[in-house]
Amino acid sequence: MDERIIDIKHVSKSFGDKNVLRDISLYVKKGEFVTLLGPSGCGKTTLLRMLAGFLQPDEGEILMDGKDLTLVPPHQRRLNTVFQRYALFPHLDVYDNIAFGLKLKKTPSDEIDKKVRKVLKLVSMSDYEDRDVESLSGGQQQRIAIARAIVNQPEILLLDEPLAALDLKMRKDMQIELKEMHKKLGITFIYVTHDQEEALTLSDTIVVMNDGKIQQTGTPIDIYNEPVNCFVADFIGESNILNGRMLRDRRVSFINQEFDCVDEGFGEDVPVDVVVRPEDIYFTTDPARCQFKAKVNSCTFKGVHYEMWVDTESGYELMIQDYDPYPVGSEVMLYIDPDDIQVMKKERLANTYGCKVTGEGKVQFLDTDFECGTEGFQSGDSATATISFKDVELLDHEEDADLVGNIVSILYMGDRYHLTVKTETGENIWVDTNDIWDKGDFVGIKILPESIRLSKSAEGNE
Amino acid sequence: MNKRSSWALPYFIFLVLFVVMPLVLIVLYAFQDASGHFTLANFTKFFTDGDALSTFALSIEVALENTLLCIAIGYPAAYILADRRLNRSAVTVVLFILPMWVNALMRTLATAELFNMAGITLGKGTLLFGMCYDYLPFMIYPIYNVLNKMDKSYAEAAEDLGAKPWEVFAKVTLPLSMPGVVSGIMMVFMPTVSTFAISEFLTNNKIKLFGTIIQENINNSMWNYGAVLSLIMLVIIAITTVLQGSDSREAAEGGAI
Numbered sequence: 031m032d033e034r035i036i037d038i039k040h041v042s043k044s045f046g047d048k049n050v051l052r053d054i055s056l057y058v059k060k061g062e063f064v065t066l067l068g069p070s071g072c073g074k075t076t077l078l079r080m081l082a083g084f085l086q087p088d089e090g091e092i093l094m095d096g097k098d099l100t101l102v103p104p105h106q107r108r109l110n111t112v113f114q115r116y117a118l119f120p121h122l123d124v125y126d127n128i129a130f131g132l133k134l135k136k137t138p139s140d141e142i143d144k145k146v147r148k149v150l151k152l153v154s155m156s157d158y159e160d161r162d163v164e165s166l167s168g169g170q171q172q173r174i175a176i177a178r179a180i181v182n183q184p185e186i187l188l189l190d191e192p193l194a195a196l197d198l199k200m201r202k203d204m205q206i207e208l209k210e211m212h213k214k215l216g217i218t219f220i221y222v223t224h225d226q227e228e229a230l231t232l233s234d235t236i237v238v239m240n241d242g243k244i245q246q247t248g249t250p251i252d253i254y255n256e257p258v259n260c261f262v263a264d265f266i267g268e269s270n271i272l273n274g275r276m277l278r279d280r281r282v283s284f285i286n287q288e289f290d291c292v293d294e295g296f297g298e299d300v301p302v303d304v305v306v307r308p309e310d311i312y313f314t315t316d317p318a319r320c321q322f323k324a325k326v327n328s329c330t331f332k333g334v335h336y337e338m339w340v341d342t343e344s345g346y347e348l349m350i351q352d353y354d355p356y357p358v359g360s361e362v363m364l365y366i367d368p369d370d371i372q373v374m375k376k377e378r379l380a381n382t383y384g385c386k387v388t389g390e391g392k393v394q395f396l397d398t399d400f401e402c403g404t405e406g407f408q409s410g411d412s413a414t415a416t417i418s419f420k421d422v423e424l425l426d427h428e429e430d431a432d433l434v435g436n437i438v439s440i441l442y443m444g445d446r447y448h449l450t451v452k453t454e455t456g457e458n459i460w461v462d463t464n465d466i467w468d469k470g471d472f473v474g475i476k477i478l479p480e481s482i483r484l485s486k487s488a489e490g491n492e
Numbered sequence: 031m032n033k034r035s036s037w038a039l040p041y042f043i044f045l046v047l048f049v050v051m052p053l054v055l056i057v058l059y060a061f062q063d064a065s066g067h068f069t070l071a072n073f074t075k076f077f078t079d080g081d082a083l084s085t086f087a088l089s090i091e092v093a094l095e096n097t098l099l100c101i102a103i104g105y106p107a108a109y110i111l112a113d114r115r116l117n118r119s120a121v122t123v124v125l126f127i128l129p130m131w132v133n134a135l136m137r138t139l140a141t142a143e144l145f146n147m148a149g150i151t152l153g154k155g156t157l158l159f160g161m162c163y164d165y166l167p168f169m170i171y172p173i174y175n176v177l178n179k180m181d182k183s184y185a186e187a188a189e190d191l192g193a194k195p196w197e198v199f200a201k202v203t204l205p206l207s208m209p210g211v212v213s214g215i216m217m218v219f220m221p222t223v224s225t226f227a228i229s230e231f232l233t234n235n236k237i238k239l240f241g242t243i244i245q246e247n248i249n250n251s252m253w254n255y256g257a258v259l260s261l262i263m264l265v266i267i268a269i270t271t272v273l274q275g276s277d278s279r280e281a282a283e284g285g286a287i
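Protein sequences, first through last, are from chains A and B.
Each residue of the first sequence is one higher than the one before, counting from 31 in our numbering.
Each residue of the second sequence is one higher than the one before, counting from 31 in our numbering.
Any given hint might turn out to be false.
[Said to hold, decoys possible] Below 20 Å or equal to it, Euclidean Cα-Cα: the simulated EDC-like pairs (lysine to aspartate or glutamate) are: (1) B:201 x A:341; (2) B:194 x A:126; (3) B:201 x A:268; (4) A:133 x B:186; (5) B:201 x A:227.
Quick caveat, the hints were computed from the structure, so don't treat them as lab data.
Quick caveat: nothing in here was measured; it's all calculated off a predicted structure.
Use the sequences and the hints to build the structure in full.
Here it is as structure tokens:
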């Protein structure tokens with residue numbers, strides 16, 4: 031089982047000046063069910079299309095069974111694809127759709143017959159051979175698309191969001207069937223989806239992607255319980271993501287409170303991100319167990335559990351899921367198990383940009399001129415500009431702004447929003463704010479002279 | 031008649047006056063002699079007139095040749111125009127369609143003048159050239175439309191299933207573009223059967239097509255014989271339409287202009 035069937039090495043790809051994939055390295059073991067998971071535009075489909083052979087990497091290489099795939103055209107690759115919108119041939123009936131690949135290989139017709147019937151049985155679509163594909167429902171078309179791919183006995187089956195077009199009930203049923211099919215066929219499945227729940231249900235291994243980069247690779251349980259960064263924690267399941275400080279090994283402070291935890295090796299008194307899943311915050315009536323108190327400010331029934339938002343005494347807002355509701359306005363006592371606190375290294379502590387001093391009191395970074403104190407620097411010097419998250423001002427108009435950008439992600443940190451703003455030149459500015467913005471908002475960005483700190487080292491962009 | 035359906039009244043009157051009436055008149059004239067009595071003589075005249083029959087056969091032949099020529103030139107052109115790797119600009123598409131904006135008669139006259147200047151004798155070759163030049167856009171556009179709208183994932187799926195590039199074309203792209211071809215055939219074949227201006231100008235009336243003799247008869251007040259000839263052409267067009275009828279719905283999707 032440990033044999034690598036696919037080895038992706040340092041693959042990069044850009045369309046125009048947009049980097050879709052940046053230095054992706056990844057391997058897939060034979061027989062594995064691997065899911066590429068990420069929001070739309072994260073590059074997962076691009077990666078899948080490269081495996082299928084419809085796109086070529088700009089840099090890096092893809093190996094299959096140790097052999098470079100770069101020059102192998104799609105029709106010679108021993109893998110088959112299930113397309114997002116199925117791409118069943120409308121001019122052929124169900125039988126001819128499935129037999130398409132076999133006929134191209136000049137398979138004898140009695141053998142084609144046997145194989146088509148077998149695979150139709152596998153997808154529970156026997157007796158549908160003569161049907162017109164356009165007369166089939168979405169779920170049925172999906173099955174035929176899968177049958178058409180697996181009848182060729184590929185070594186790898188690529189699936190590009192195959193369930194996205196189905197309704198919820200049908201999707202759940204197909205998930206179970208896909209999982210069983212994977213077990214029965216024993217071939218490698220590489221699956222692309224933006225649905226985190228689907229990924230958790232189906233996969234042996236999940237590859238979480240964002241912004242053209244792999245964020246984390248691991249089993250569903252690893253990814254859920256031990257996300258490596260805020261993006262993964264936020265994208266997979268519900269989370270409370272909070273600013274914290276690692277005091278020493280196994281001791282962390284957040285929401286103005288110290289907690290025992292199980293993480294080690296961060297050093298002493300280091301800023302960290304802390305993730306606590308909403309189902310891991312427990313209510314108690316025992317004052318001895320209570321770690322902190324809070325007041326319930328909303329309570330919503332979600333089917334199996336209740337989702338409650340509470341305000342802690344220290345001024346943070348937390349989400350809690352529990353089977354029992356607590357009335358809005360009530361004071362509750364809460365605790366968190368050390369096991370359930372996930373501590374993550376902060377990806378960055380402030381915005382840092384490589385900049386150029388252009389004159390007395392003038393610097394240039396992010397393709398924009400800023401004013402700031404330049405004592406100790408001469409015109410033409412390179413330096414690093416540091417701006418803390420909370421010192422970046424967002425404006426809802428372009429006038430008075432130094433530059434403009436779009437809000438690409440919003441993270442609620444319990445007492446503030448942590449926004450990622452992408453400038454027009456494609457660079458990111460991270461902003462802490464209490465104001466409510468929406469994803470996709472077009473904003474003006476203003477940085478005051480006194481907020482910019484210059485330091486000597488010219489290295490370390492971002 | 032309720033209020034809604036009364037809105038259809040102007041169209042109803044229009045259809046009766048300009049579609050139904052002329053058709054009825056053609057049928058009536060076809061079965062009458064000059065003095066207005068019922069007769070089948072006009073039909074017997076056509077079916078025993080060797081000249082008329084050979085003109086008829088020639089018209090069908092020229093129309094078929096022109097249609098095939100238009101497919102042979104138009105399909106590759108449409109394919110190239112619809113392929114984003116080969117054609118990145120919408121301007122080229124417009125350039126191909128642009129000749130349709132110029133009056134067909136003017137184009138034909140200009141073409142004839144060009145042949146005269148080049149010293150090329152007018153005949154069947156120049157006739158086919160002129161027809162193809164006039165009707166090619168009507169073939170290119172519907173095929174281009176179908177190819178352009180075709181989901182690229184069909185070709186990718188075929189390739190994925192092991193089809194070499196030419197197999198992708200033969201087994202998927204071509205069959206899926208047939209509605210466009212059918213619609214192109216209808217828009218080229220039918221008008222070429224009935225055209226008379228092109229043959230008149232581009233052959234100096236050396237080659238007479240069916241449209242020409244209809245025009246001559248009507249011009250010389252041979253109303254009854256002209257009506258018979260028109261009726262026969264209508265039947266031919268009806269037959270081609272019915273033959274393509276099974277595909278006509280898809281052809282309509284293929285998009286006329």
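Hint check results:
no.	hint	in the structure
1	B:201 x A:341	violated (64 Å)
2	B:194 x A:126	holds (18 Å)
3	B:201 x A:268	violated (48 Å)
4	A:133 x B:186	holds (17 Å)
5	B:201 x A:227	violated (39 Å)
In summary, the structure is inconsistent with hints 1, 3 and 5 from the numbered list given earlier, while agreeing with the others.
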